[in-house]
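Chains as they are written, first to last, in the UniProt record's numbering: chain A, 1 to 246; chain B, 1 to 508.
Don't read these hints as lab results, they were simulated from the structure. Take the hints with a grain of salt, since some may be wrong.
[Said to hold, decoys possible] The calculated DSSO-like cross-link candidates involving lysine-lysine, where the alpha carbons are at most 27 Å apart (straight line), are:
#1 B:K426 - B:K452
#2 A:K125 - B:K225
#3 B:K485 - A:K122
#4 A:K227 - A:K108
#5 B:K379 - B:K438
#6 A:K3 - A:K122
#7 A:K151 - B:K186
#8 B:K52 - B:K65
#9 B:K452 - B:K379
#10 B:K225 - B:K198
#11 B:K394 - B:K323
#12 B:K438 - B:K426
#13 A:K125 - A:K227
#14 A:K108 - B:K497
#15 B:K65 - B:K186
#16 B:K379 - B:K394
#17 A:K122 - B:K497
#18 B:K66 - A:K151
Predicted model, so just to flag it, every value in this text is computed and none were measured.
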Amino acid sequence: MLKIENLHAEIDGKQILNGLTLEVGAGEVHAIMGPNGAGKSTLAYVLGGRPGYEVTEGSVTFNGEDMLELEPHERAAAGLFLGFQYPVEIPGVSNVQFLREALNSQRKARGEEPLSGGEFLKLAKEKAGLLKLDMEMLKRNVNVGFSGGEKKRAEMVQMGILDPKLAILDETDSGLDIDALRTVGEGINAIMRQPDKAVLLITHYQRLLDYVQPDKVHILAKGQIVKTGGPELALELEREGYEAVA
Amino acid sequence: MSQSDNNDQAVVARASQEEAIEKDRAAREAAKSLETYEFGFSSDIEQEFAEKGLSEETVRFISAKKEEPEWMLEWRLKAYRHWLTLTPPDWAKLNVPPIDYQDAYYYAAPKAKPKLESLDELDPEIKAVYDKLGIPIAEQEVLAGVEGARKVAVDAVFDSVSVATTFRKELEEAGVIFRSISEAIKEYPDLVKKWLGKVVPMQDNFFATLNCAVFSDGTFVYIPKGVRCPMELSTYFRINAENTGQFERTLIVADEGSYVSYLEGCTAPMRDENQLHAAVVELVALDDAEIKYSTVQNWYPGDANGKGGIYNFVTKRALCQGKNSKVSWTQVETGSAVTWKYPSCVLNGENSVGEFYSVAVTNNYQQADTGTKMIHNGKNSRSTIISKGISAGKSNNTYRGLVRVGANADNVRNFTQCDSLLLGDKCGAHTVPYIEVKNPSAQIEHEATTSKISDDQLFYAMQRGLGEEEAVALIVNGFAKEVLKELPMEFAVEAQKLLAISLEGSVG
């Protein structure tokens, strides 16, 4: 589904990704772990197409399509979702308005009919319920005045509504208390654990992986995947640290 | 009602509003089929034109064409003679080339638009905007002034006439007077004489004085005591806005305990060969009366290089004369090359309330110097000013506002919020507040912010599936939300689209 080969990327002339190669198949969940500054968030932004993150070498294909040629919104329409480490506030724009416009833009790009107001609200209600987020929260402005945990749960509601093929979740577990962590984990499973979907979980800690069992765990260091293993690799990391394992 | 309720309702309301528009269209068609027989004739109106240039002769000609009474002619002449002694104001942050007032026609409005054979001849840019706003083809032809489709235009006007006839009956039953100002001068001379020039004096300023001398036409509204106007006076006016002249004159009087909501303008852009527009709007609210006046202004702003475009010098003022009277100005300004406009409230009445909600967008080489004046003379009078300026391209956008508290006005309160949003780094946003307080009990608050659309916001919205221009439009609409929610629903939706269109090409 997602195929990254020998990816090199830089920001302001500073090399961050250094020949990263990774393949994620349909129906799989992969975790990427690694020390601070390894390039985890950069990888997420490069895959999302953020301006300023320049790919200097290598390729990224998504279901056979060259991703690097696409604008961020075209990647979204193709089925890519990025869960932000720091979700952004948009004052004056309600979640409902934001997500309905976003979803209908994606649908339009795919040649599908837009959802009506009624259909959309029904969908939003269902997904909010899944993440135990009060529907009232979705009527509020995008991330404005949300606590850290609320922002992360709202990201997952967005994911549920937009229904992507591939979700790249950048430290979605940070800022969550124990109960919220379980809710988010179960939400990810409910939304993304399907034969035609895949997840790339970027995280520092094992704890989210208790709820979302990865098929593979990769260690990212200095802009490269330095080690790949099964779920046991995450436990090993938790016990012994990056230095010992990688 | 909370903000979030509003947001949510907007989505739901949009669906029901589409229904309402459909119903409205069906009703119009039904009304038309009933009434075309009665009104189904057309005649070519003979046109006469005043000679080019401005003189006493021109003023006399206009007055004679309108068969005005002697007092009206005298009033115009007095204004004209005074105007000769004035010079154009130069204090605004505007760069306007000198205007040759002798090189213009002052009575020829209906012929001003070039006639087109078909919509195919219309400037593709304007056509694209019509399509984006979702204006039906027939209405597009009227707006564009298509020659071959004059019949359509006539039909469309009759269409509105038939609806308007129904409306007019309902208004008359309520006792509301709603006429062109020319009709009102003849039919209700005492009412007009009592208030015309009382809010904006004839000597007020260069452009207002010019308007007094040569105003072409406009609207007169009188709401009698205790009457709540049974409908928004928008639909009617909007359809009749085709020949909004160059020098428009509006007078609205709300008698004791009455209420009216009035909407001026049109979201559809119109080419107009008259470069200078100088309108005067006067509002009077007596005891316990309320007037809500909403404007959507989208006149031709000139091309991307700053060529052409309307110069819009407007004087709008409300007199909150009675106790507990209230006037709200809401404006969405996206058009014109130059905008010089300060809808104001003179708060004479005790407990009177003035409000000003404004969104002003400038792109390319547009210039806007706009704001308000809140003059507090009445005890316990209150005012709220919310101004949202959005600058893009190489434009300049200035908020200029005055809050004045008279010595006898105890316990006055004012809250002002001016927010500026910049798109790109070649545009300018300026805030010029004037505060004059002569009574120590006043509480005046002023908040101002300037911000840019952040890369974070843009990327976030695009990652969710919005194209760059959609993302900018969404963020800008969010920025202007506090003002847009003050507009009547139908226009709020159109205004949102309009903001998006006005900012096209301003990013990237």
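Okay, the hints, checked on the actual structure:
| no. | hint | in the structure |
| --- | --- | --- |
| 1 | B:K426 - B:K452 | holds (12 Å) |
| 2 | A:K125 - B:K225 | violated (48 Å) |
| 3 | B:K485 - A:K122 | holds (25 Å) |
| 4 | A:K227 - A:K108 | violated (41 Å) |
| 5 | B:K379 - B:K438 | holds (13 Å) |
| 6 | A:K3 - A:K122 | violated (35 Å) |
| 7 | A:K151 - B:K186 | violated (64 Å) |
| 8 | B:K52 - B:K65 | holds (16 Å) |
| 9 | B:K452 - B:K379 | violated (40 Å) |
| 10 | B:K225 - B:K198 | holds (20 Å) |
| 11 | B:K394 - B:K323 | violated (45 Å) |
| 12 | B:K438 - B:K426 | violated (40 Å) |
| 13 | A:K125 - A:K227 | violated (41 Å) |
| 14 | A:K108 - B:K497 | holds (18 Å) |
| 15 | B:K65 - B:K186 | holds (13 Å) |
| 16 | B:K379 - B:K394 | violated (44 Å) |
| 17 | A:K122 - B:K497 | holds (25 Å) |
| 18 | B:K66 - A:K151 | violated (65 Å) |
When each numbered hint is compared with the structure, violations occur for hints 2, 4, 6, 7, 9, 11, 12, 13, 16, 18.
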